[in-house]
Amino acid sequence: MSPSAHLDIIVVGGGIAGLTAALALRREGHTVTVVESSAWLREAGAAVAVPPNATRTLVKLGIDLERDVKAAPFKNSLEYHFTTDKPPKFGAKGDGHQIPWARRAEDFPGLFYLAHRVDLHDALKTKCVSSEGPGEPVNVLLSSRVVAWDPAGSITIQNGRQMSADLVIAADGIHSLAHEAILGHRVPATPSGITAIRFILKTETLLRDPVTAEIMDDGDGCFAFYFDANRKTYLLRYPCHNNELQNFGAYGVSDDGDALPTLTGGQLSRDDLLKRLSALPPVFRAIGSKAEDTVRDWKIGDREPIPTYYRDRLVLVGDAAHPMWPRQGQGAAQSIEDGATLGLLMRGLQHKSDVTNRLLLNDELRVRRTSIVQLLSRARMSAVEDGVTLPAEIVRLFSPDPAPGQSLTILILLCGSL
1 MSPSAHLDII VVGGGIAGLT AALALRREGH TVTVVESSAW LREAGAAVAV
51 PPNATRTLVK LGIDLERDVK AAPFKNSLEY HFTTDKPPKF GAKGDGHQIP
101 WARRAEDFPG LFYLAHRVDL HDALKTKCVS SEGPGEPVNV LLSSRVVAWD
151 PAGSITIQNG RQMSADLVIA ADGIHSLAHE AILGHRVPAT PSGITAIRFI
201 LKTETLLRDP VTAEIMDDGD GCFAFYFDAN RKTYLLRYPC HNNELQNFGA
251 YGVSDDGDAL PTLTGGQLSR DDLLKRLSAL PPVFRAIGSK AEDTVRDWKI
301 GDREPIPTYY RDRLVLVGDA AHPMWPRQGQ GAAQSIEDGA TLGLLMRGLQ
351 HKSDVTNRLL LNDELRVRRT SIVQLLSRAR MSAVEDGVTL PAEIVRLFSP
401 DPAPGQSLTI LILLCGSL
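1 is the number of the first residue of the sequence shown in the UniProt record's numbering; add one for each residue after it.
Among these hints, one or two may not hold up.
With a cut-off of at most 27 Å between alpha-carbon atoms, the simulated DSS-like pairs for lysine-lysine come out as follows [to be verified]: (1) 290 to 275; (2) 89 to 290; (3) 60 to 75; (4) 299 to 202; (5) 352 to 60; (6) 75 to 89; (7) 202 to 75; (8) 89 to 232; (9) 89 to 275; (10) 290 to 86; (11) 202 to 125; (12) 202 to 93; (13) 125 to 60; (14) 202 to 89; (15) 275 to 232; (16) 86 to 275; (17) 290 to 232; (18) 290 to 202; (19) 275 to 299; (20) 202 to 275; (21) 232 to 299; (22) 75 to 290; (23) 93 to 75; (24) 86 to 232.
Here are the simulated distance ranges between beta carbons [said to hold, decoys possible]: (25) 130 to 229: 44 to 54 Å; (26) 84 to 132: 56 to 66 Å; (27) 353 to 161: 21 to 31 Å; (28) 131 to 278: 50 to 60 Å.
It should be emphasised that the hints constitute simulated quantities derived from the structure, not laboratory data.
Cβ coordinates follow ideal geometry from the N, Cα and C atoms, glycine included.
Make the full structure from the sequences, and use the hints.
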């Protein structure tokens with residue numbers, strides 16, 4: 001057998017999508033350079049779900065979710081709906097209702113995890129640059145913002161430097177302009193109208209206070225939703241970092257529908273957070289009072305699915321290709337799938353000229369799947385919300401009175417066959 005063609009590859013963006021692609025391609029023997037606009041001091045964000053489709057992929061890339069990422073095993077998911085002033089009850093005999101798909105978690109032993117984004121990012125970064133493991137360590141170029149893209153296989157950095165490669169991967173997020181070089185026109189990100197105030201508290205902090213300790217009666221590994229009476233505001237909670245931290249997200253409708261979505265949002269005060277939680281029972285305001293003086297308000301951006309992710313030697317992955325709402329826990333997972341798929345497709349090339357044909361195959365594998373998940377991310381598991389239009393075959397999956405097995409169908413679509 002003749003040796004495979006060796007590629008020089010540029011990955012623009014050092015987040016989860018970019019690092020997964022870099023790691024997968026390194027392991028296939030290619031030379032990879034990550035070009036990152038920030039100083040890479042600390043990955044932004046709170047926590048992420050790592051469902052079975054992502055876990056399987058990470059394991060194949062040499063990452064152990066519990067050892068390397070300190071991820072907490074997912075065990076259950078509950079919804080609480082507060083419609084009266086009656087104090088809520090938590091635990092086995094509490095007011096929570098098990099979400100139907102959560103009953104199937106037992107079918108994925110050791111595969112469903114909840115992770116701190118920083119822990120996952122650090123694990124990927126370590127594997128990429130380590131001198132150990134298959135392939136040569138990934139090169140990293142920091143504080144380098146890309147200002148121009150050439151589908152023939154080159155980029156221009158803000159200081160005027162041009163870099164060329166056999167393959168350029170755009171992994172620079174929802175505001176990436178790489179898609180313009182592929183499509184010939186810009187498809188700008190737009191506000192979804194949803195914002196999320198995210199914060200993390202130590203589990204021991206909650207347990208020390210008798211008022212807040214009761215929410216922990218639902219046990220380790222619980223992914224919980226707490227809805228107010230009108231279902232327009234809700235608080236999300238789940239553990240990460242070996243169950244030592246609790247991730248919270250207070251979701252609501254944006255007061256500024258015309259604001260441009262950003263990945264970092266703006267700074268809000270603790271009082272703003274408490275206002276967001278005002279329609280929930282007092283225990284949740286007690287939780288909010290333990291947050292830092294300032295919290296981050298994340299504006300959720302949106303963009304319609306696009307028909308292709310590549311042109312010539314330029315390809316999109318992650319949010320640069322398919323930004324998603326955080327409602328199915330698949331944003332990071334699909335980014336991980338993207339990166340790993342490119343690694344597999346760039347295996348065994350006979351000639352560098354084969355790259356474009358492999359990217360065509362990547363489109364066939366990824367565009368339809370990720371576009372469906374994009375649309376699914378705009379809907380909740382139990383019902384389609386007002387104003388959301390989805391294809392009929394997807395709406396049927398989210399009917400208010402789902403038929404038996406329907407939630408399992410969704411889980412199989414997202415996470416893979418049982």
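Comparing the hints with the structure gives:
Between residue 290 and residue 275 the alpha-carbon distance is near 14 Å, which keeps this suggested pair within the 27 Å criterion. A hinted pair counts as satisfied when its Cα atoms are at most 27 Å apart, and residue 89 with residue 290 qualifies at roughly 21 Å. Proximity of residue 60 to residue 75 is assessed by CA-CA distance (about 23 Å); at most 27 Å being required, the pair is judged to hold. Between residue 299 and residue 202 the alpha-carbon distance is near 25 Å, which keeps this suggested pair within the 27 Å criterion.
With a CA separation close to 25 Å, the supplied pair residue 352 and residue 60 stays within the 27 Å bound. With a C-alpha separation of about 19 Å, the suggested pairing of residue 75 with residue 89 holds against the 27 Å cut-off. For the hint pairing residue 202 with residue 75, the CA-to-CA distance comes to about 19 Å; that is within 27 Å, so the pair holds. Our distance criterion of 27 Å between C-alpha atoms is met by residue 89 and residue 232, whose separation comes to about 22 Å.
Annotation: proposed proximity of residue 89 to residue 275 holds, straight-line Cα distance about 23 Å (limit 27 Å). At most 27 Å may separate the alpha-carbon atoms for a hinted pair to count; residue 290 and residue 86 meet this at roughly 23 Å. A hinted pair counts as satisfied when its Cα atoms are at most 27 Å apart, and residue 202 with residue 125 qualifies at roughly 25 Å. Our distance criterion of 27 Å between C-alpha atoms is met by residue 202 and residue 93, whose separation comes to about 25 Å.
Our distance criterion of 27 Å between C-alpha atoms is met by residue 125 and residue 60, whose separation comes to about 16 Å. About 22 Å separates the Cα atoms of residue 202 and residue 89, which keeps this hinted pair within 27 Å; it holds. For the hint pairing residue 275 with residue 232, the CA-to-CA distance comes to about 14 Å; that is within 27 Å, so the pair holds. Between the alpha carbons of residue 86 and residue 275 the distance comes to roughly 20 Å, so the proposed pair stays at or under 27 Å and holds.
In summary, the hint linking residue 290 to residue 232 is supported, as the alpha carbons are separated by about 23 Å, within the 27 Å threshold. Simply put, residue 290 and residue 202 have alpha-carbon atoms about 10 Å apart, close enough for the 27 Å limit, and the pair holds. Pair hint residue 275 plus residue 299 holds up; C-alpha atoms about 17 Å apart against a cutoff of 27 Å. About 22 Å separates the Cα atoms of residue 202 and residue 275, which keeps this hinted pair within 27 Å; it holds.
Restraint check for residue 232 and residue 299: satisfied, since their Cα atoms lie roughly 16 Å apart, inside the 27 Å limit. Simply put, residue 75 and residue 290 have alpha-carbon atoms about 26 Å apart, close enough for the 27 Å limit, and the pair holds. Distance check on the hinted pair: residue 93 and residue 75 sit about 17 Å apart at the alpha-carbon level, within 27 Å; holds. Our distance criterion of 27 Å between C-alpha atoms is met by residue 86 and residue 232, whose separation comes to about 20 Å.
Restraint check, residue 130 to residue 229: a C-beta distance of roughly 51 Å satisfies the suggested window 44 to 54 Å. Range check, residue 84 to residue 132: Cβ separation about 57 Å, and the 56 to 66 Å hint holds. With their beta carbons about 26 Å apart, residue 353 and residue 161 fall inside the hinted range of 21 to 31 Å. A hinted range of 50 to 60 Å for the beta carbons of residue 131 and residue 278 is consistent with their spacing of about 53 Å.
The structure fails none of the hints (numbered hints given earlier).
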